[in-house]
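**Q** Sequence:
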Amino acid sequence: MNVALIGASGAVGSRILAELSRRGHAVTAIARNPDKIPVMPGVTPRQADVFDEIGLAQAITGHDAVISSVWFTASDPAILIGAVRRAGVERYLVVGGAGSLDAAPGLRLYDSPEFPAEWVTEAKAGGAFLALLQKTPDIDWTFLSPSALLVPGERTGRFRLGGDSLLRDASGKSSISMEDYAVAMVDELERPAHARRRFTVGY
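Counting along the sequence shown from 1, when you hit position 16 you're at 16 in the UniProt record's numbering, and nothing is skipped either side.
If you are wondering where the hints come from, they were derived from the structure by calculation, not from laboratory data.
Possibly wrong hints are sitting among the right ones.
[Said to hold, decoys possible] In silico EDC-like pairs for lysine to aspartate or glutamate, Cα to Cα no more than 20 Å straight-line:
| # | residue 1 | residue 2 |
| --- | --- | --- |
| 1 | Lys36 | Asp49 |
| 2 | Lys135 | Asp111 |
| 3 | Lys135 | Glu179 |
| 4 | Lys36 | Asp164 |
| 5 | Lys173 | Asp111 |
| 6 | Lys124 | Glu179 |
| 7 | Lys124 | Glu114 |
| 8 | Lys173 | Asp76 |
Kindly generate the complete structure, drawing on both the sequences and the hints.
**A** Below, the structure written as structure tokens:
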């Protein structure tokens, strides 16, 4: 596919970029500083600002799908969605957050005692992004939430998928490597199974 990846130089974005390249996709790697984009097969760096809707739309026009991997508090979901709509790209996949997942019935993870206070603002901004997507019927969007712990690690290709509830392993730990998160994201790109929905990935 011809894919535009917004935030391609970030911690998660760079893993998604590597996975897309590994699988032979053509990728426009969008970043504020394209010099940070590593040289990879099929990858074309491009500069764009996430707060410039018109410029961003120009950068993503003509692609089969857009993936965005940006901090929620360092972007505006209305601008991102507006750029996708303006560009006429039908598929939009979003690197989501874990905070808006249900930790228990009726309890969002970001409202639970275990959630770090310093991440609440970012997590709630992610929840607001998801809520806005849920009111966007004209775009085929998908929001992929990681587990509570999303860290650099191994690409194993072995993980579980879930819906709106936080996934935990037998010991109660909720985690996924950035590398396996990227696998799940590109799997969804290639074999869509969560149209206009949020899903989650974890061990």
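**Q** Between lysine 36 and aspartate 49, does the CA-CA distance stay at or below 20 Å?
**A** Judged against 20 Å, a Cα distance of about 15 Å means the pair holds.
**Q** For the pair we were handed, lysine 173 and aspartate 76, check the Cα-Cα distance against 20 Å.
**A** Since the Cα atoms of lysine 173 and aspartate 76 sit roughly 31 Å apart, the hinted pair is violated (cutoff 20 Å).
**Q** Take the C-alpha atoms of lysine 124 and glutamate 179, compute the straight-line distance between them, and say whether it is at most 20 Å.
**A** violated, 24 Å
**Q** If you draw a straight line from the CA of lysine 36 to the CA of aspartate 164, is it 20 Å or shorter?
**A** Violated. Lysine 36 to aspartate 164 sits at ~34 Å, over the 20 Å cutoff.
**Q** Starting from lysine 173, check that the Cα of aspartate 111 is at most 20 Å away, please.
**A** holds, 18 Å
**Q** Quick one, are lysine 135 and aspartate 111 close enough, alpha carbons at most 20 Å?
**A** violated, 23 Å
**Q** Given the hinted pair lysine 135 and glutamate 179, is their Cα-Cα distance within 20 Å?
**A** violated, 30 Å
**Q** Compare the distance between the alpha carbons of lysine 124 and glutamate 114 with 20 Å, and conclude whether the hinted pair is satisfied.
**A** holds, 15 Å
Violation of the numbered hints given earlier is confined to hints 2, 3, 4, 6, 8; the remaining hints are satisfied by the structure.
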